[in-house]
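Chain order of the listed sequences is Z and U.
Residue 145 in the UniProt record's numbering is what sits at position 145 of the first sequence, and the numbering runs on without skipping anything.
Residue 295 in the UniProt record's numbering is what sits at position 295 of the second sequence, and the numbering runs on without skipping anything.
No lab work stands behind these hints: they were computed from the structure.
The C-beta atom is built at its ideal place from N, Cα and C for all residues, glycine as well.
There's no promise every hint is true.
As a list, the in silico EDC-like pairs of lysine to aspartate or glutamate whose alpha-carbon atoms are at most 20 Å apart [what the hints assert, rightly or not]:
| id | chain 1 | residue 1 | chain 2 | residue 2 |
| --- | --- | --- | --- | --- |
| 1 | U | K325 | Z | E275 |
| 2 | U | K17 | U | E99 |
| 3 | Z | K264 | Z | D59 |
| 4 | U | K423 | Z | D59 |
| 5 | U | K311 | Z | E275 |
| 6 | U | K27 | U | E3 |
| 7 | Z | K224 | Z | E196 |
| 8 | U | K446 | Z | E38 |
| 9 | U | K38 | U | E53 |
| 10 | U | K311 | Z | E246 |
| 11 | Z | K50 | U | D71 |
| 12 | U | K27 | U | D71 |
| 13 | Z | K264 | U | E3 |
| 14 | U | K311 | Z | D280 |
| 15 | Z | K264 | Z | E275 |
If you anchor each label on the Cβ, the simulated ranges turn out as follows [as the list claims (entries may be wrong)]:
| id | chain 1 | residue 1 | chain 2 | residue 2 | range |
| --- | --- | --- | --- | --- | --- |
| 16 | Z | R23 | U | A336 | 54 to 60 Å |
| 17 | Z | L29 | U | L16 | 50 to 56 Å |
| 18 | U | D135 | Z | E246 | 56 to 62 Å |
| 19 | Z | E71 | U | N301 | 48 to 54 Å |
Anything over 12 Å on all C-beta distances counts as not near chain U; from chain Z, calculated [said to hold, decoys possible]:
| id | residue |
| --- | --- |
| 20 | D33 |
| 21 | V35 |
| 22 | S48 |
| 23 | E114 |
| 24 | V148 |
| 25 | G151 |
| 26 | V236 |
So you can see what is in the structure, the chains are spelled out below.
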Amino acid sequence: MTATTTSARSELSELGRSETALRTFLHGLPGVDQVGAEQRAAQLGTRSIKTTAKAQAIDLAIRMVDLTTLEGADTPGKVRALAAKALRPDPADPSCPHVGAVCVYPAMVPYVAEVLRGSAVHLASVATAFPSGQAPLEIKLADTRAAVAAGADEIDMVINRSAFLSGRYKEVYDEIVATKEACGDAHLKVILETGELATYDNVRRASWLAMLAGGDFIKTSTGKVPIAATMPVSLVMLEAVRDFREATGRQVGVKPAGGIKTTKDAIKYLVMVNETVGPDWLDPDWFRFGASSLLNDLLMQRTKLTTGTYSGPDYFTLD
Amino acid sequence: MFEYAPAPESRSVVDLKPSYGLFIDGKFVDPADGGSSKSINPASEEVLAEVAEAGTPDVERAVRAARKAYDKVWGPMPGRDRAKYLYRIARLIQERSRELAVLESLDNGKPIRESRDVDLPLVAAHFFYYAGWADKLEHAGFGGNPQPIGVAAQVIPWNFPLLMLAWKIAPALAAGNTVVLKPAETTPLTALLFAEICQQADLPAGVVNILTGAGDTGRALVEHPGVDKVAFTGSTEVGRAIARSIAGTRKKLTLELGGKAANIVFDDAPIDQAVEGIVNGIFFNQGHVCCAGSRLLVQENVADRVLESLKRRMAQLRVGDPLDKNTDVGAINSAAQLERIRELSDAGSAEGAERWSPPCELPDRGFWFAPTIFTGVTQAHRIAREEIFGPVLSVLTFRTPAEAVEKANNTPYGLSAGIWTDKGSRILWMADRLRAGVVWANTFNKFDPTSPFGGYKESGYGREGGRHGLEGYLNV
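Hey, can you work out the whole structure from these sequences and the hints?
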């Protein structure tokens, strides 16, 4: 890290001490032109990724999947099956890589932990009164500690949108700092719930707020509101992590979640990562897909590339 | 690293003949004196086809055919029937758009992504749009009974071969004129394919005539006494010669000439999108764009930041095979144009500007020029004044809005300008003061058939596109 980024980093770490300083900083970030951002995202979506590049992209995408189930109906049996799939997504092909992580509610963490123990697949858990975050801070922190104690090594928290939208940035900041502390060694992914933030300017500000407060990852959505991850939103977040690393030297990961269902979509995201932040982020440590049905489509396309024929959906496990 | 494998568009959709005649009176015919030239692929220098060179007798024949069609068929035809032909042409263009796009990229060198996503959709849109006007001319604001002019001589450039053809032919035909069009000598092929589309659409013979050839053919055409209207898009130098040659005649003239547009970035601009706009402004179509944002005026207090982002973005540009679907910047259209770009760029370096290009490998064969920016450019440099018509950006700085306006207007041209700021009132203030025919705000190079396009000062006169585009083809 250079001397300038060190001093910038310490300057930026001071911001969280005052509401005014935070507000001045966040509102001083360059704006996002909606039309331009959407146009750029659409343009990146026209790249044509074929043959060897496609094979490479599919394997990378599989390794980046946070295989997720977040339902009231989740049971130990259901999440064990999901964890088994995470370890061996394609039982017929040992060359198929495992996914990045399994993502479940805190109550389900112990059952997943049993299956994943000793493997390289991470165990993520949503916490902090997911998905609304509308609970007292103490409860959110207790939720986080419980998930970590049960074996989660990644925590997906939600930001306090109520505080963010009413302009209480310091409150949002402090909650993230407190959650990060409650995480201990676990990695913290900060869900911005961009569908509720509505504007790209808000997405950029929330991204910076989450990074300033110590988030290891910024994540688009819970998947529980109508608008989840979109290409332009993810583009704005990628620009934010790029600029943040430039300013501070610290790299932050990005996780679009919700609504990414096809290989084609996943490849568009990888192209966007490649051309916006570069190869440093083309790694499961720095980019993840929050998804469930995406994995089977990736497997289907992978089989198509290796065998030349499409297999029916019955050849891929439903979990 | 994530390397994109080659993704070439197939050439097999294009069925090129080894040689092409002139399209006169609904048929392909041999030129009177048998002259011809070769059209090459600028990305590989391979010969694509041999194309006839029209001489004076051919011009005579074509103008006579256009006159006859005007007097007997197209002039008297009700607007609603003309519209049917135009709609039919528009649909055929859409149906054959892949073929046309591939041929355009082969002959011109532009990336298939652009010919497929920009040129062809706009070409079809122009025909659809003007088809709609054909039976509504009395409502276009030019009086109750506007009449066509007669035979239009149209000379178009090589940068957007088919799109410029559409800009010329669609309004002319909608208004009831017949045309003789000369495509550029380096890019005649899509115009010849368009001639086949006219046949396919059963367009009456002589309504559209296409004469291929070089400068002499163009001169003979615009100077022909049987021509009532001249429309030209190209260099200011040729535009001047045309204006001189037809002075004192009854011919009406519209000219769309060069430009040296300022793309103005204020300190409150959305930087990431502004950088996209700068890239689109100067590297779209290899910078072979008359309205290209070839001068970047950036507010001094954000200049370093903008340039850093711009360089990072330029490093992502993929230069190479125009038919690869992932190519962003294709080939320079001709050896002559490449020579001019080199000459002006060398002048930029010699005059003390700092030159930068991202590392990029250029193919061995064909005509190529890496995307280039010059920083430390002043108003006195040639690269800040002369139109380069290539992927070369001159970067200047300013301190205040007034200075930005002054610098932007300090050029003999006035075709287009771009403004990047988050402040709406500043956009309006600037747009009022910029002497440019088109002013884009927080975007660049946006085209639409409903929107008039044209220049101030030495960028020409007359408007193309929109209701205004009809005026040049009506006796008003």
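Is the hinted pair Z:K50 and U:D71 satisfied, with a Cα-Cα distance of at most 20 Å?
Not OK: Z:K50 and U:D71 at ~55 Å, beyond 20 Å, violated.
I want to verify a distance hint. Is the separation of the beta carbons of Z:L29 and U:L16 within 50 to 56 Å?
holds, 53 Å
Is the Cβ of Z:S48 more than 12 Å away from each Cβ in chain U?
Given a closest Cβ separation of 4 Å, the condition is violated.
Distal placement of Z:G151 relative to chain U, Cβ over 12 Å
It holds; Z:G151 is separated from chain U by about 33 Å at its closest Cβ, greater than 12 Å.
Would the least Cβ to Cβ distance between Z:V148 and chain U come out above 12 Å?
holds, 34 Å
Return holds or violated for the Cβ distance of U:D135 and Z:E246 against the range 56 to 62 Å.
holds, 58 Å
Are the Cα atoms of U:K311 and Z:E246 separated by 20 Å or less?
Measuring from Cα to Cα gives roughly 15 Å; hence the hint holds.
Going straight from one Cα to the other, do U:K27 and U:E3 come out at no more than 20 Å?
With Cα atoms ~48 Å apart, U:K27 and U:E3 exceed 20 Å; violated.
With the threshold set at 20 Å, check whether the alpha-carbon distance from U:K311 to Z:D280 stays at or below it.
It holds: about 18 Å lies between the C-alpha atoms, which stays within 20 Å.
Take the C-alpha atoms of Z:K264 and Z:E275, compute the straight-line distance between them, and say whether it is at most 20 Å.
Roughly 17 Å between the alpha carbons, so the hint for Z:K264 and Z:E275 holds.
Please check whether the beta-carbon of Z:V236 is more than 12 Å away from every beta-carbon in chain U.
violated, 8 Å
Given pair status - Z:E275, U:K325, alpha carbons within 20 Å
holds, 16 Å
Comparing the model with each numbered hint stated earlier shows that hints 4, 6, 11, 20, 21, 22 and 26 do not hold.
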